[in-house]
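Q: Sequence:
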Amino acid sequence: MAHAQKKEKPPYSGYFLTFELGRINKIKESLYYPGEASESFSAMDWTFERREIAFLSLTPGEVCIDAVVLMERMHGTGGTGKLKMRMWAPVMIEKSINPVEIVDAFPAAERLCTAETFRRIPHDEWSRAIDAIKRLRPVVAELLDTLIALRAEQNRLTGNDTKILRLTEQRDAIGLAFDIASLDRKTILREAHLERVQSAQSVLDLLDQEPQQEQDLIRDDQKVFKGLLSKEDMRSAQFDGLGGRKVRVHVYDKKPLETVLGIDLLIYLADYKSYLLLQYKCMEPKSDEEGRTWSYLVDPQLHKQIQAMNNAVNAFTRLPTPSSPSMADWRLSSEAFFFKFCETTRPDARDDALVAGITLGHSHLKQFLQLPDSHGKDGGQRVGYGNCPRYLNNSQFVELARAGWIGCDQRGFSLISQVITEGQRGGKSAMFAVIEGSGAKTSQDRRKRIR
1 MAHAQKKEKP PYSGYFLTFE LGRINKIKES LYYPGEASES FSAMDWTFER REIAFLSLTP
61 GEVCIDAVVL MERMHGTGGT GKLKMRMWAP VMIEKSINPV EIVDAFPAAE RLCTAETFRR
121 IPHDEWSRAI DAIKRLRPVV AELLDTLIAL RAEQNRLTGN DTKILRLTEQ RDAIGLAFDI
181 ASLDRKTILR EAHLERVQSA QSVLDLLDQE PQQEQDLIRD DQKVFKGLLS KEDMRSAQFD
241 GLGGRKVRVH VYDKKPLETV LGIDLLIYLA DYKSYLLLQY KCMEPKSDEE GRTWSYLVDP
301 QLHKQIQAMN NAVNAFTRLP TPSSPSMADW RLSSEAFFFK FCETTRPDAR DDALVAGITL
361 GHSHLKQFLQ LPDSHGKDGG QRVGYGNCPR YLNNSQFVEL ARAGWIGCDQ RGFSLISQVI
421 TEGQRGGKSA MFAVIEGSGA KTSQDRRKRI R
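Quick note on the numbering used here: the sequence shown kicks off at 1 and runs consecutively.
There could be a bad hint or two in this list.
Each computed DSSO-like pair below joins lysine-lysine, with the alpha-carbon atoms no more than 27 Å apart [claimed, not checked]:
hint	residue 1	residue 2
1	Lys-95	Lys-28
2	Lys-163	Lys-286
3	Lys-84	Lys-9
4	Lys-255	Lys-26
5	Lys-304	Lys-246
6	Lys-223	Lys-186
It should be emphasised that the hints constitute simulated quantities derived from the structure, not laboratory data.
Turn these sequences into a full structure, and let the hints steer you where they fit.
A: Written out as structure tokens, the structure reads:
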């Protein structure tokens with residue numbers, strides 16, 4: 001019996017895009033700085049590769065090639081029901097290529113499309129157009145080759161085995177710390193060396209960073225985290241940002257990630273002398289009457305963790321209040337315990353993104369689990385998008401933490417350490433982050449001058 005031959009994948013080809021008049025200048029400015037822009041496209045069912053390349057026409061009323069960019073799908077729809085794409089790694093063509101220059105290789109006017117009329121350039125024309133751009137503007141030839149190579153890179157964590165899940169959680173945890181400190185998360189995570197995944201003992205093995213070797217700083221951090229940090233089996237690294245902002249990260253990497261059941265992130269914000277503990281949980285796809293969504297099936301381990309936090313919170317409320325608190329001690333909530341229920345896979349997500357999910361403080365999670373909404377029709381309790389519409393997204397959690405509005409002071413540290421120690425006994429692994437220098441705007445930054 002003859003076997004049908006596998007159909008070969010055709011050569012790659014991209015797009016030639018322009019935008020509404022009101023969007024062109026904004027997109028052009030954003031591509032120059034900060035080097036990326038986003039746009040919504042009308043059809044959610046178009047077939048996109050993980051990364052696409054697009055020529056851009058950014059001269060109003062003209063059909064010129066002004067830039068070449070990478071495009072990737074972004075999380076969510078921006079509330080519009082449309083597909084959002086991020087454009088980045090731009091190759092800006094200072095002297096625009098007009099249709100007459102390239103007519104022998106590429107019928108520009110015929111191939112120009114918009115966010116509503118998306119269509120690929122034919123494969124044979126695409127390669128001729130690339131060659132023509134490099135020939136006509138040799139100054140961008142090398143940049144264009146780099147961009148084309150970048151499109152093909154598989155720079156993402158893929159798979160659903162335990163090690164990949166733990167690395168994904170660690171990467172998200174360190175990304176949250178970068179955002180709270182206003183470091184450049186996108187650049188740091190985008191340059192991760194994912195070819196090291198097989199040998200990596202922690203996320204620090206994938207990132208470019210300054211190995212933390214200053215013993216005085218390590219000793220200072222050991223004081224901050226008291227008995228939870230030791231030099232044994234610990235990897236430490238420091239990441240620097242503008243304005244003296246720093247993130248120091250400590251990870252225990254002796255225990256193989258394949259055997260770790262989850263990640264706890266303990267953050268210390270030096271500006272506010274504040275502690276936050278974030279515990280990670282993995283949601284799974286679940287079908288309900290409204291379709292397929294993400295949710296977490298509540299298990300006895302979660303109830304055990306909540307009970308440990310209940311004990312800690314009750315003990316904290318009995319502690320005396322500091323006699324003369326400063327403004328740095330102000331809090332909207334002294335909640336120090338948070339859970340992040342994460343989507344476990346998102347193959348189209350951008351490489352530098354935080355993991356989407358539901359973040360809830362311990363007190364609100366406890367209240368939610370007492371509501372009828374938490375009970376599914378098939379029995380058991382779940383936390384998910386379908387039944388828990390009120391939660392903190394990544395941006396909201398980061399903003400509250402960055403400004404010091406959540407977290408407990410050093411009085412509660414011993415209680416947090418008990419929760420972490422209990423988690424380690426249960427097979428979890430802890431990450432520790434010290435954030436120096438707040439990324440939050442001060443009143444001095446925000447004040448309006450009278451002219």
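Q: All hints, please: hold or fail.
A: Verification of the hints:
no., hint, in the structure
1, Lys-95 / Lys-28, "14 Å, holds"
2, Lys-163 / Lys-286, "23 Å, holds"
3, Lys-84 / Lys-9, "26 Å, holds"
4, Lys-255 / Lys-26, "49 Å, violated"
5, Lys-304 / Lys-246, "35 Å, violated"
6, Lys-223 / Lys-186, "31 Å, violated"
When each numbered hint is compared with the structure, violations occur for hints 4, 5 and 6.
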